[in-house]
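Modelling step: build the complete structure from the supplied sequences, incorporating the hints.
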Amino acid sequence: MLKFIFWRLLQAIPVIFVVITATFFLVRSAPGGPFDSEKAVLPEVKRALEAQYKLDLPLHEQYLAYLGDLTNGDLGPSFKYPGRSVNEILGSGLPVTAELGLYALSFALLIGVLAGVFAALRPNTRQDYIPMGMAMIGICMPSFLLGPLLVLIFGIYLDWLPIAGWGDLPGDKILPSVTLGSAYAAYIARLSRAGMLEILSQDYIRTARAKGLPEWRVVIQHALRGGLIPVIAFLGPAFAGLLAGSFVVETIFQIPGLGRFYVQAAFNRDYTMILGTTVFLSTLIVFFNLISDVIAAWLNPRLRAQFKGSA
Amino acid sequence: MRLFRFILPACVIAGMLTACAGGESNVESGNRDGFLHYGNGAEPQGLDPHVVTGVPENHIIRALFEGLAVKNPITLEPEPGVAERWDISEDGRVYTFYINPEAKWSNGEPMTASDYVWSWNRALHPDTGSLYAYMLYPIVNSEAYSKREITDFDQVGVKALDDLTLQVTLNAPTPYFLQLMDHYSSFAVHPETLLKHGKMTERFTPWTRVGNIVSNGAFTLDEWSLNRRIIIKKSEHYWDRDNVALNGVYFYPTENVVSEERMFRAEQLHYTQVVPLDKIPEYRKQGNTSYVQAAYLGTYYYLINTDRPPVDNVMVRRALSYALDRDTLTRTVLQETAIPAYSITPPNTLGYNPPKLFDYDPAKARELLAEAGYPNGEGWPGLEIIYNTQEAHRKIAVAVQQMWKKELNIDITISNQEWKVYLNSVSQRDFQVARRGWIGDYVDANNFLDLFITDGGNNNTGYASDEFDDIILNLAPRAKTRDERYGLFYKAETMMMNEMPIIPIYTYTSKHLVHPSVEGIHPNLMDSLNLKYVKLHAGRSLYGEAN
Numbered sequence: 001m002l003k004f005i006f007w008r009l010l011q012a013i014p015v016i017f018v019v020i021t022a023t024f025f026l027v028r029s030a031p032g033g034p035f036d037s038e039k040a041v042l043p044e045v046k047r048a049l050e051a052q053y054k055l056d057l058p059l060h061e062q063y064l065a066y067l068g069d070l071t072n073g074d075l076g077p078s079f080k081y082p083g084r085s086v087n088e089i090l091g092s093g094l095p096v097t098a099e100l101g102l103y104a105l106s107f108a109l110l111i112g113v114l115a116g117v118f119a120a121l122r123p124n125t126r127q128d129y130i131p132m133g134m135a136m137i138g139i140c141m142p143s144f145l146l147g148p149l150l151v152l153i154f155g156i157y158l159d160w161l162p163i164a165g166w167g168d169l170p171g172d173k174i175l176p177s178v179t180l181g182s183a184y185a186a187y188i189a190r191l192s193r194a195g196m197l198e199i200l201s202q203d204y205i206r207t208a209r210a211k212g213l214p215e216w217r218v219v220i221q222h223a224l225r226g227g228l229i230p231v232i233a234f235l236g237p238a239f240a241g242l243l244a245g246s247f248v249v250e251t252i253f254q255i256p257g258l259g260r261f262y263v264q265a266a267f268n269r270d271y272t273m274i275l276g277t278t279v280f281l282s283t284l285i286v287f288f289n290l291i292s293d294v295i296a297a298w299l300n301p302r303l304r305a306q307f308k309g310s311a
Numbered sequence: 001m002r003l004f005r006f007i008l009p010a011c012v013i014a015g016m017l018t019a020c021a022g023g024e025s026n027v028e029s030g031n032r033d034g035f036l037h038y039g040n041g042a043e044p045q046g047l048d049p050h051v052v053t054g055v056p057e058n059h060i061i062r063a064l065f066e067g068l069a070v071k072n073p074i075t076l077e078p079e080p081g082v083a084e085r086w087d088i089s090e091d092g093r094v095y096t097f098y099i100n101p102e103a104k105w106s107n108g109e110p111m112t113a114s115d116y117v118w119s120w121n122r123a124l125h126p127d128t129g130s131l132y133a134y135m136l137y138p139i140v141n142s143e144a145y146s147k148r149e150i151t152d153f154d155q156v157g158v159k160a161l162d163d164l165t166l167q168v169t170l171n172a173p174t175p176y177f178l179q180l181m182d183h184y185s186s187f188a189v190h191p192e193t194l195l196k197h198g199k200m201t202e203r204f205t206p207w208t209r210v211g212n213i214v215s216n217g218a219f220t221l222d223e224w225s226l227n228r229r230i231i232i233k234k235s236e237h238y239w240d241r242d243n244v245a246l247n248g249v250y251f252y253p254t255e256n257v258v259s260e261e262r263m264f265r266a267e268q269l270h271y272t273q274v275v276p277l278d279k280i281p282e283y284r285k286q287g288n289t290s291y292v293q294a295a296y297l298g299t300y301y302y303l304i305n306t307d308r309p310p311v312d313n314v315m316v317r318r319a320l321s322y323a324l325d326r327d328t329l330t331r332t333v334l335q336e337t338a339i340p341a342y343s344i345t346p347p348n349t350l351g352y353n354p355p356k357l358f359d360y361d362p363a364k365a366r367e368l369l370a371e372a373g374y375p376n377g378e379g380w381p382g383l384e385i386i387y388n389t390q391e392a393h394r395k396i397a398v399a400v401q402q403m404w405k406k407e408l409n410i411d412i413t414i415s416n417q418e419w420k421v422y423l424n425s426v427s428q429r430d431f432q433v434a435r436r437g438w439i440g441d442y443v444d445a446n447n448f449l450d451l452f453i454t455d456g457g458n459n460n461t462g463y464a465s466d467e468f469d470d471i472i473l474n475l476a477p478r479a480k481t482r483d484e485r486y487g488l489f490y491k492a493e494t495m496m497m498n499e500m501p502i503i504p505i506y507t508y509t510s511k512h513l514v515h516p517s518v519e520g521i522h523p524n525l526m527d528s529l530n531l532k533y534v535k536l537h538a539g540r541s542l543y544g545e546a547n
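Protein chains in written order, with my numbering: chain A, 1 to 311; chain B, 1 to 547.
Derived by calculation from the structure, the hints in this document are not laboratory data.
Note that the Cβ used here is the ideal one computed from N, Cα and C, for glycine as well.
Treat the hints with care, since some could be wrong.
If you anchor each label on the Cβ, the simulated ranges turn out as follows [as the list claims (entries may be wrong)]:
no.: 1; chain 1: B; residue 1: T328; chain 2: A; residue 2: D74; range: 41 to 47 Å
no.: 2; chain 1: B; residue 1: K406; chain 2: A; residue 2: D74; range: 54 to 60 Å
no.: 3; chain 1: A; residue 1: W7; chain 2: B; residue 2: P276; range: 42 to 48 Å
The list that follows gives simulated cross-link-like pairs (lysine-lysine, BS3-like), each with its CA atoms no further than 27 Å apart [to be verified]:
no.: 4; chain 1: B; residue 1: K480; chain 2: B; residue 2: K159
no.: 5; chain 1: A; residue 1: K46; chain 2: B; residue 2: K420
no.: 6; chain 1: B; residue 1: K406; chain 2: B; residue 2: K395
no.: 7; chain 1: A; residue 1: K3; chain 2: A; residue 2: K39
no.: 8; chain 1: A; residue 1: K39; chain 2: B; residue 2: K147
no.: 9; chain 1: A; residue 1: K54; chain 2: B; residue 2: K480
no.: 10; chain 1: A; residue 1: K39; chain 2: B; residue 2: K104
no.: 11; chain 1: B; residue 1: K356; chain 2: B; residue 2: K420
no.: 12; chain 1: B; residue 1: K159; chain 2: A; residue 2: K54
no.: 13; chain 1: A; residue 1: K39; chain 2: B; residue 2: K196
no.: 14; chain 1: B; residue 1: K420; chain 2: B; residue 2: K104
no.: 15; chain 1: B; residue 1: K104; chain 2: A; residue 2: K80
no.: 16; chain 1: B; residue 1: K480; chain 2: B; residue 2: K356
no.: 17; chain 1: B; residue 1: K196; chain 2: A; residue 2: K54
no.: 18; chain 1: A; residue 1: K46; chain 2: B; residue 2: K199
no.: 19; chain 1: B; residue 1: K196; chain 2: A; residue 2: K80
no.: 20; chain 1: A; residue 1: K80; chain 2: B; residue 2: K159
no.: 21; chain 1: A; residue 1: K80; chain 2: A; residue 2: K54
no.: 22; chain 1: B; residue 1: K356; chain 2: A; residue 2: K80
no.: 23; chain 1: B; residue 1: K147; chain 2: A; residue 2: K54
no.: 24; chain 1: A; residue 1: K46; chain 2: A; residue 2: K3
no.: 25; chain 1: B; residue 1: K279; chain 2: B; residue 2: K233
no.: 26; chain 1: B; residue 1: K147; chain 2: A; residue 2: K46
no.: 27; chain 1: B; residue 1: K395; chain 2: A; residue 2: K39
From chain A, some residues computed to sit far from chain B (all C-beta separations above 12 Å) [as the list claims (entries may be wrong)]:
no.: 28; residue: F4
no.: 29; residue: L9
no.: 30; residue: K46
no.: 31; residue: L57
no.: 32; residue: A65
no.: 33; residue: F79
no.: 34; residue: M136
no.: 35; residue: A244
Laid out in structure tokens, this is it:
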């Protein structure tokens with residue numbers, strides 16, 4: 001098992017290195033620069049700015065300097081927000097985005113697993129069709145539609161919940177979490193239904209039922225553990241996806257998270273910010289994929305046996 | 001039993017929701033405690049007056065700092081700020097500012113004339129790289145200093161005669177100079193605070209953070225949560241503190257205009273930065289509406305590259321302009337939120353009115369096009385309009401495309417470019433026709449006309465005229481009276497518009513939603529809001545009775 005983790009970590013290093021290098025040169029090749037603005041910038045001002053940000057050095061020197069800073073954990077100063085470092089901006093956005101992602105994922109798991117298991121218990125009946133139909137709608141409905149709809153219903157017509165902000169007013173975390181989580185809930189519902197259906201048709205479930213165990217014990221103790229493996233395998237990438245993909249929800253609900261900075265950085269040609277967020281998020285994605293692989297391996301008796309054999 | 005399975009979770013969720021409901025809205029709590037909740041459009045880049053540029057930055061900086069002279073929110077005429085009064089010499093070139101002895105920094109220290117000398121040195125210093133350094137260029141030798149042609153700041157026309165007297169010498173009488181004193185690029189910063197955190201010309205120091213910043217305006221910085229909110233509170237040391245009604249302001253980075261409008265409806269905001277176009281008719285229908293629209297000092301136009309065929313021919317350019325039905329465009333596509341424009345300077349810019357040399361005249365347009373060699377569009381080589389990706393610009397481009405097709409029978413292609421790509425195309429002059437807007441920095445025709453000086457950084461059209469340059473750079477600044485000066489501007493603008501290096505489309509308006517509890521926000525040409533004059537009245541709600 002340790003060997004497996006070690007190998008995966010080793011593989012991650014070249015992946016991240018390639019991401020850094022490709023991003024560095026790609027953002028530099030995009031037309032326009034961080035200091036272009038609608039009002040013409042005087043040449044002497046532009047020179048002064050470029051000197052302050054070391055953009056006057058040759059590109060390969062900038063690249064090496066960036067790598068050097070990176071090994072010290074320094075992502076450089078932001079171009080768009082003078083006086084702030086990329087580290088600081090990531091540090092302020094990450095906890096918010098992570099919290100949002102965590103709530104969204106919890107919501108998705110709660111609703112998704114419940115609906116999926118429900119549906120799997122009586123396949124091809126109304127108890128299956130209704131939640132699965134809703135899941136299909138959930139997958140198809142983009143968050144830029146669902147968010148404003150929820151806002152209109154719960155925020156404006158019913159006046160139950162605040163419609164924007166994060167931690168400013170009581171209850172303002174509910175709508176964004178639900179909006180972000182819904183698509184994942186729908187996906188998880190379908191995954192857990194499929195997983196459960198497969199497991200429920202297995203011999204050992206028939207045995208458990210034949211023993212005379214009550215149905216809830218069959219489901220919870222015997223079927224769930226195997227039935228949820230696909231869901232667990234999905235969790236790692238899902239969480240990474242939530243972190244990287246919360247831009248739309250953050251914009252709709254005015255949430256001070258990472259997603260807004262990430263997307264704006266690209267528009268602003270905020271070189272260091274684009275690089276910093278990309279490097280950071282790709283590291284996270286690699287890391288979460290690893291974790292979910294490890295958990296899936298641990299849950300799956302066949303894979304577990306393999307590791308024991310090889311270790 | 002099965003019924004319960006569905007009802008139970010539904011009840012739990014409903015219970016969770018109702019537990020949170022009934023909270024006090026921002027507007028209610030704000031009205032009670034004297035806090036304005038202000039939709040500010042975007043997260044400011046920063047709060048250093050000599051480093052940042054932009055509208056959201058302007059709103060916060062002007063609440064934290066104050067200039068030597070400020071603008072009256074209704075008339076826009078200068079009135080005392082840090083300087084309690086000023087003298088202007090006979091020839092209009094020497095300004096003497098007398099600093100109010102009560103003017104204090106937020107740490108209680110008195111403001112001095114030498115603070116200004118130090119600050120303007122910083123603003124003009126080439127190492128600082130202030131994008132707005134040119135705002136101070138009317139001052140003797142300032143341009144040379146900021147271009148490193150001279151290195152001794154003593155040669156620049158700014159002197160502290162004593163602690164409270166600042167003397168400024170200009171190159172030429174500059175009627176709008178007092179207005180520039182209300183622009184953040186001319187604001188004073190607190191030297192000791194800056195030096196505590198870095199060098200004078202450094203851009204990256206944390207001197208503007210909460211706890212570090214020392215400012216001189218009606219408010220002080222209380223909280224700055226990145227991309228979440230900025231809170232400012234009434235200053236204890238501000239000289240005119242007795243006339244400041246608000247206890248503070250919350251600024252929200254409301255980038256998404258649709259969300260901003262919803263926040264307003266849910267009473268989470270007192271004031272929005274903009275209003276989505278498709279919501280405007282709905283607000284207009286309401287009696288006693290919260291929608292406020294006012295003419296704004298900016299022009300939306302199409303920039304023409306006069307070196308590229310077919311628009312290198314002035315007759316083609318004029319044909320295009322004649323064929324444009326601006327009244328219909330502003331009425332339909334723009335929902336009457338814009339004023340048709342026929343020149344670059346907006347109408348009534350401090351009493352100046354630009355020439356109107358043409359009107360919508362499709363017959364004349366066809367005639368001109370035929371003269372140019374394309375009768376009824378025959379032989380037309382095609383023309384491309386570029387614009388930066390945005391729905392509003394696309395709608396206008398589509399309308400223009402249709403109008404030109406209908407009136408002149410010519411094919412136009414429109415293409416959008418991402419913002420920085422578009423900026424690059426414009427500055428490299430890699431376009432035939434490009435969408436453009438210009439918002440005035442100060443209320444004066446000069447700010448619009450000097451765009452078209454030969455090879456000016458914002459010209460981008462290829463328009464070049466020695467006579468035009470001479471009027472703008474030499475004759476107008478020396479004019480003795482306002483009438484003489486405006487006459488010269490009128491002549492120059494007529495000359496320029498006859499050549500039609502741009503196709504003016506409309507004059508901007510500012511559009512806001514203002515909660516009925518807010519008083520003291522006066523619509524004006526600069527969309528300039530002095531928060532010091534804003535008052536809140538509790539008990540007024542968007543929906544009639546207070547709830």
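Now for the hints, and whether the structure bears them out:
1. B:T328 <-> A:D74: 41 to 47 Å: Given about 56 Å between the Cβ atoms, the range is violated.
2. B:K406 <-> A:D74: 54 to 60 Å: Cβ of K406 (chain B) to Cβ of D74 (chain A): about 59 Å, so the range 54 to 60 Å holds.
3. A:W7 <-> B:P276: 42 to 48 Å: Cβ of W7 (chain A) to Cβ of P276 (chain B): about 53 Å, so the range 42 to 48 Å is violated.
4. B:K480 <-> B:K159: holds (26 Å)
5. A:K46 <-> B:K420: Roughly 16 Å between the alpha carbons, so the hint for K46 (chain A) and K420 (chain B) holds.
6. B:K406 <-> B:K395: holds (17 Å)
7. A:K3 <-> A:K39: Given pair K3 (chain A), K39 (chain A) is violated - Cα atoms ~58 Å apart, limit 27 Å.
8. A:K39 <-> B:K147: holds (18 Å)
9. A:K54 <-> B:K480: violated (48 Å)
10. A:K39 <-> B:K104: This hinted pair is violated, its Cα atoms lying about 34 Å apart.
11. B:K356 <-> B:K420: violated (33 Å)
12. B:K159 <-> A:K54: Violated, at about 35 Å.
13. A:K39 <-> B:K196: violated (32 Å)
14. B:K420 <-> B:K104: violated (42 Å)
15. B:K104 <-> A:K80: Violated - the C-alpha atoms of K80 (chain A) and K104 (chain B) are around 31 Å apart, more than 27 Å.
16. B:K480 <-> B:K356: holds (26 Å)
17. B:K196 <-> A:K54: holds (24 Å)
18. A:K46 <-> B:K199: Holds, at roughly 19 Å.
19. B:K196 <-> A:K80: Within the cut-off at roughly 24 Å; holds.
20. A:K80 <-> B:K159: violated (34 Å)
21. A:K80 <-> A:K54: Distance ~15 Å between K80 (chain A) and K54 (chain A) Cα, so the pair holds.
22. B:K356 <-> A:K80: Cα-Cα ~40 Å, so violated.
23. B:K147 <-> A:K54: holds (20 Å)
24. A:K46 <-> A:K3: With Cα atoms ~52 Å apart, K46 (chain A) and K3 (chain A) exceed 27 Å; violated.
25. B:K279 <-> B:K233: The hint is violated at about 33 Å.
26. B:K147 <-> A:K46: holds (11 Å)
27. B:K395 <-> A:K39: Satisfied, since the Cα-Cα distance of roughly 24 Å is no more than 27 Å.
28. F4: Consistent with the label, F4 (chain A) stays out of reach of chain B, its closest Cβ about 39 Å off (over 12 Å).
29. L9: It holds; L9 (chain A) is separated from chain B by about 32 Å at its closest Cβ, greater than 12 Å.
30. K46: Violated, since 8 Å does not exceed 12 Å.
31. L57: Check passes; 17 Å lies beyond 12 Å.
32. A65: At about 16 Å from chain B, A65 (chain A) clears the 12 Å cut-off, so the statement holds.
33. F79: violated (9 Å)
34. M136: Label holds. Min Cβ-Cβ 19 Å, cutoff 12 Å.
35. A244: Answer for A244 (chain A): holds, closest chain B Cβ roughly 17 Å.
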